[in-house]
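Using my numbering, read the sequence shown as starting at 11 and increasing by one per residue.
Please keep in mind that the hints were generated in silico from the structure rather than gathered at the bench.
Just to be clear, a hint being listed does not mean it is correct.
[Said to hold, decoys possible] Below are the DSBU-like pairs computed for lysine-lysine, each with C-alpha atoms no more than 35 Å apart in a straight line:
| # | residue 1 | residue 2 |
| --- | --- | --- |
| 1 | K217 | K51 |
| 2 | K105 | K51 |
| 3 | K159 | K105 |
| 4 | K217 | K159 |
| 5 | K159 | K51 |
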Amino acid sequence: GSLALGVAPAHGLQGLRIAGVGEGLVAVRAAHGNQLMSAIKPLGARAEDGLVSAGLDGLLRIWDPHSGQETLQIITEHARGINDVAVCPGDGKSKQVLSCGDDGNALLYQLGENLGSRPLRILQGHTAAAYCVSWLSSSTCVTGGFDRKVLLWDSRSPRALVQTMQLRQHAYAVARLGGTGADASTTLAVGLADGTLSLWDTRRISKEPLREMRGHAGSVECLATLPGDILASASSDGSLRLWDCARRSGETSAWTWTSPGPGPLTSVVPLFEDTLLVGGAGARPTLLSLDYSIAVPHVPEVLDRMQIPSLQPWRRGMNPSEGFGRHSAMVSQRRLQRSRTRDEGASSCGGTSKGAFDRTSKGRPMPQGATGIAHRTFLFGRR
Numbered sequence: 011g012s013l014a015l016g017v018a019p020a021h022g023l024q025g026l027r028i029a030g031v032g033e034g035l036v037a038v039r040a041a042h043g044n045q046l047m048s049a050i051k052p053l054g055a056r057a058e059d060g061l062v063s064a065g066l067d068g069l070l071r072i073w074d075p076h077s078g079q080e081t082l083q084i085i086t087e088h089a090r091g092i093n094d095v096a097v098c099p100g101d102g103k104s105k106q107v108l109s110c111g112d113d114g115n116a117l118l119y120q121l122g123e124n125l126g127s128r129p130l131r132i133l134q135g136h137t138a139a140a141y142c143v144s145w146l147s148s149s150t151c152v153t154g155g156f157d158r159k160v161l162l163w164d165s166r167s168p169r170a171l172v173q174t175m176q177l178r179q180h181a182y183a184v185a186r187l188g189g190t191g192a193d194a195s196t197t198l199a200v201g202l203a204d205g206t207l208s209l210w211d212t213r214r215i216s217k218e219p220l221r222e223m224r225g226h227a228g229s230v231e232c233l234a235t236l237p238g239d240i241l242a243s244a245s246s247d248g249s250l251r252l253w254d255c256a257r258r259s260g261e262t263s264a265w266t267w268t269s270p271g272p273g274p275l276t277s278v279v280p281l282f283e284d285t286l287l288v289g290g291a292g293a294r295p296t297l298l299s300l301d302y303s304i305a306v307p308h309v310p311e312v313l314d315r316m317q318i319p320s321l322q323p324w325r326r327g328m329n330p331s332e333g334f335g336r337h338s339a340m341v342s343q344r345r346l347q348r349s350r351t352r353d354e355g356a357s358s359c360g361g362t363s364k365g366a367f368d369r370t371s372k373g374r375p376m377p378q379g380a381t382g383i384a385h386r387t388f389l390f391g392r393r
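Make the full structure from the sequences, and use the hints.
So this is what it looks like as structure tokens:
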């Protein structure tokens with residue numbers, strides 16, 4: 011099958027490129043004039059559904075990926091540029107898109123309406139620029155901004171605002187962990203300006219996140235989720251990291267890839283269950299896929315490190331002296347021994363480690379813009 015590179019977010023690009031394997035190339039130069047393109051998102055699972063792009067010129071544009079022609083243009087009511095756009099999930103023919111901008115507002119638009127139509131909803135709550143947006147379901151969404159807040163919204167409610175998550179840094183990226191329908195996760199991942207990733211429970215209001223994961227030396231620009239609660243983060247330090255959010259001990263990344271280019275990584279999107287598309291300033295779009303021939307030999311080592319005993323088939327007449335089941339004497343003894351080992355290790359540490367990236371060791375604060383335009387100017391070196 012073909013692979014459409016246009017389904018990936020292209021933060022900071024001025025042109026729209028849609029490529030296919032074994033097919034021709036369609037390019038649109040200056041898709042948003044002289045302004046930077048802030049995001050590109052697919053409108054559906056098929057290429058025929060089209061793409062939506064947002065720019066710092068305040069426009070939303072719908073594109074045909076086969077011809078590269080613009081099919082619809084929405085002149086939004088954002089007073090300043092658009093930083094991000096998200097497509098509402100669902101199988102309906104009438105798509106809805108939610109955009110956020112430097113004016114701090116999030117606007118919900120219905121595609122297919124007449125030119126100049128007003129937005130369906132105006133979500134006002136941020137006191138600074140709203141930089142990232144994501145849908146959690148067909149009716150709930152989140153926005154993150156430079157006021158150091160992540161806001162949870164319900165489009166069905168007249169009040170709309172449901173929950174406020176107070177952060178310690180600017181929010182640059184938001185993503186919900188995997189699962190759909192009844193199995194959908196309620197954990198929200200937030201990428202911050204200091205390189206920290208924080209996990210929040212959207213079901214309850216809390217002043218502190220569930221967990222914090224550190225490792226990046228720059229701001230987290232984009233997040234993507236893979237099956238098994240695996241989180242991928244792209245950073246302005248030029249690295250891509252994978253995090254195992256299902257394990258409580260996963261405060262550090264399990265795998266790191268560094269871009270060969272000197273620029274930041276600003277986008278990452280999953281194409282398949284084991285493939286990621288990564289791009290950024292100075293870095294060509296790169297496909298990263300799991301090599302099973304390398305991974306399979308490490309399975310016994312991982313099982314041993316996780317202390318998973320080998321299973322033996324039970325035969326009639328086999329009565330182990332330690333008893334059966336998880337309440338047997340041998341299993342209880344092993345569990346007690348592991349708990350003592352953990353207690354001794356915790357007491358010897360003398361404190362909680364902050365990970366590889368500790369903000370207290372930095373000599374000066376990291377520069378960051380007060381608006382989306384200023385931040386992208388800093389990332390891509392535009393003056």
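**Asked** Hey, K159 versus K51, does the alpha-carbon distance stay inside 35 Å?
**Response** Holds - the C-alpha atoms of K51 and K159 are around 24 Å apart, at most 35 Å.
**Message:** Given the hinted pair K217 and K51, is their Cα-Cα distance within 35 Å?
**Reply:** holds, 32 Å
**Message:** What's the verdict on K105 and K51, does the C-alpha distance respect the 35 Å limit or exceed it?
**Reply:** With Cα atoms ~12 Å apart, K105 and K51 stay inside 35 Å; holds.
**Message:** Need the status of pair K159, K105: alpha-carbon distance at most 35 Å?
**Reply:** Roughly 27 Å separates the two Cα atoms, so the pair holds.
**Request:** Would you check the hint for K217 and K159, treating anything up to 35 Å between C-alpha atoms as holding?
**Result:** With a Cα-Cα distance of about 11 Å, the restraint between K217 and K159 holds, given a limit of 35 Å.
Comparing the model with each earlier hint shows no violations; every hint is respected.
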